[in-house]
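Residue numbers (full-length UniProt numbering), protein chains in the order written: chain A, 1 to 126; chain B, 1 to 249; chain C, 1 to 298.
Please note that a few of the clues may not be correct.
[Unchecked claim] No more than 30 Å apart at the CA atoms, straight line, and that leaves these computed lysine-lysine pairs for DSS-like:
| no. | chain 1 | residue 1 | chain 2 | residue 2 |
| --- | --- | --- | --- | --- |
| 1 | C | Lys206 | B | Lys13 |
| 2 | A | Lys9 | C | Lys237 |
| 3 | C | Lys206 | C | Lys237 |
These aren't lab readings, by the way, just hints derived from the structure by calculation.
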Amino acid sequence: MILNLDGTKPIYVQISEWLENEILNGNVESEQKIYSQYQLAEIFNINPATAAKGLNILADEQILMKKRGLGMFVTSNAKEMILTKRKNQTLKRLVQEIVLEAGRLQVSKEELIDMIKTADIGEEEQ
Amino acid sequence: MSLTSVRLTDVVKKQYLYKMKAYSQVFMSLIFIQLLAVLFSMNGVGGMGSSDGNMQIEIKYFSAVLVVVFTMLWGFITAIIITTKAYRNDDFVFVTNRTSSNLSNIVFLLTASIIGGITSMLSTYLIKVIVYYFFSDVSLKSTSVLAAPNEFFLGSFSTSLYIFLFCALGYLFGTLVQINKAFAVLIPAAFFGGLIIDGLRGNEGVIAKGFNFFFMEPSLTVFIIKVIVTAGLLISGTFALSNRMEVRS
Amino acid sequence: MTVIECRGLTKVYGGAKALNNLSCKIEENKITGLIGRNGAGKTTLLKIIAGYLKETSGELNVFSENPFNNLLVSANVIFIHDQMNLPTSLNLKEILDTAASFYEKWDHDLANRLLEYFSLNPLQHHNGLSKGMKSTFNAILGLAARVPLTLFDEPTSGMDAAVRKDFYRALLKDYLAHPRTIIISSHHLNEIEDLLEDILLMKDGKELLHLPVADLKEWAIGLQGKTSVINEWTRNKEVIYTKSIGLDQSYVAVRNDFSEVEWQKARVAGLELTPVTSSDLCVYLTSKTKGGIDDVFN
């Protein structure tokens with residue numbers, strides 16, 4: 001992944017999202033050690049403090065846990081936590097934006113729901 | 001964080017070695033100037049001639065005095081050059097403070113003076129050789145270093161001291177000019193002005209007395225003391241002046 | 001540990017105050033970006049830290065000592081700038097050898113490898129190099145010296161885009177392997193901001209902001225929408241930039257002290273919220289007027 005450096009999203013947030021993706025797609029399993037701040041700095045060409053901030057977000061959310069002197073490890077239920085979080089935050093925010101845009105375009109809620117339903121049909125179930 | 005601790009003497013030593021490499025052009029100019037002086041010396045420093053109808057006698061004296069004078073001037077100019085911005089700021093690229101920079105400059109000038117002194121003395125032999133081949137009826141005073149080693153070492157030593165005296169003078173002058181460009185005009189004006197006034201008065205003025213003070217000293221020990229004390233004063237003056245100088249480019 | 005600490009630092013240059021009562025602290029082993037417009041006092045500050053200049057008043061300590069005429073500071077600091085006075089009689093290899101003799105932790109192997117990578121001929125003389133190559137060579141000196149405090153003043157001036165990128169990467173890699181305190185001054189914040197941990201923004205010889213880069217990105221927020229709505233929303237806010245777009249639209253950048261709820265409300269009110277990039281923010285904060293160049297033409 002190449003970071004989006006144009007400033008729309010802080011880099012440390014992008015780092016934590018990248019780490020979440022690594023956990024979701026199984027590149028780093030539960031209970032395994034995750035990248036160190038220095039490895040991340042090297043991979044993404046960023047300051048290690050920024051990388052540490054990305055790691056700490058996940059540690060605060062208990063997706064990662066610190067083991068003194070050993071580094072950070074993926075917690076056992078990391079995957080579920082990431083999924084729930086994304087549902088609650090990312091999806092919610094996207095929905096809100098859709099509703100706002102619909103408002104601007106004078107699309108009624110019913111119409112919008114219909115649109116979502118039709119959009120669903122084309123997609124595969126996850 | 002572990003800081004590197006340094007000793008002044010180490011830094012001075014490193015700077016000295018650095019300067020011997022970086023300022024190598026100085027020695028090229030020494031060779032050039034001394035050869036030029038040797039060439040001029042071929043005219044002789046003094047002489048007399050007399051003619052008696054069909055016979056003509058011409059006597060010429062040759063000596064390396066011109067080489068020594070040129071080398072003293074070279075020392076003076078070299079010392080000025082190393083106080084200019086281009087040289088002075090060289091130190092600040094690497095590890096330095098003003099004291100170490102001055103000290104290494106002085107050691108460098110001392111080295112230059114010694115080299116200048118020795119080569120000046122050696123040039124007398126060069127002059128002798130040239131004179132021997134190009135002029136007739138030559139009377140040579142001692143012919144080799146080995147024949148009169150004392151004379152050679154003593155000559156080199158005192159010549160070096162003279163050159164160093166001029167270096168110290170140039171170093172102070174150069175530093176003054178760096179502090180204020182007006183000195184570049186003021187000091188020569190004062191010097192030549194003094195000479196002219198002396199000349200007009202027709203008596204021995206301060207400048208002539210100053211020259212005699214060093215150049216007419218019969219005792220070697222007193223001469224050494226005079227030079228060392230004077231050079232010391234000049235150099236400490238420079239230290240005091242330059243210790244607050246900023247590095248500006 | 002604090003590496004640099006200054007209090008009320010003032011430097012007068014020919015009547016003008018290049019530094020005006022500057023106070024700041026630089027912590028150990030951080031990469032700090034020194035950002036500001038031309039004439040903000042960046043170079044003057046670096047020169048005082050390096051011991052080149054003496055402060056007019058105030059106090060400055062580097063490794064707890066005043067750097068002017070200080071051998072300890074000189075041995076532990078290297079100052080890389082585009083007017084470095086390297087002896088004209090030495091070639092690049094000889095300069096590196098000399099540097100090696102002065103700096104205890106000098107990495108000669110790294111210096112030689114970088115020289116080769118950047119295709120610099122070791123037998124060439126420094127004054128024969130082009131501007132960009134000079135900068136590259138100076139930057140190599142700065143990296144290989146590995147001193148506890150490295151100061152880079154506009155290190156990439158004249159370098160082409162590829163070399164700049166390589167230099168920043170080299171800097172980061174060497175920093176990761178050998179953490180040390182580094183200060184980089186630059187006009188191009190967007191080029192270096194990912195590398196930085198902290199940013200020190202200067203204006204008129206003073207510290208304007210000093211904070212982690214990550215916080216800088218959230219320091220301000222851009223609002224775009226109907227001018228009337230904008231005016232209402234920004235009534236009690238610290239506005240740092242305004243620009244009108246079209247007839248009744250405006251863009252303003254304000255200090256970001258909005259709560260999550262306020263954000264939502266603003267969105268609902270029809271405002272578009274966008275982050276302000278660090279480099280834009282720095283431009284806004286350091287410009288004389290809130291409208292920038294447009295004010296000249298109004």
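Each hint, compared with the structure:
1. C/Lys206 to B/Lys13: violated (40 Å)
2. A/Lys9 to C/Lys237: holds (23 Å)
3. C/Lys206 to C/Lys237: holds (23 Å)
Of the numbered hints listed earlier, the single one contradicted by the structure is hint 1.
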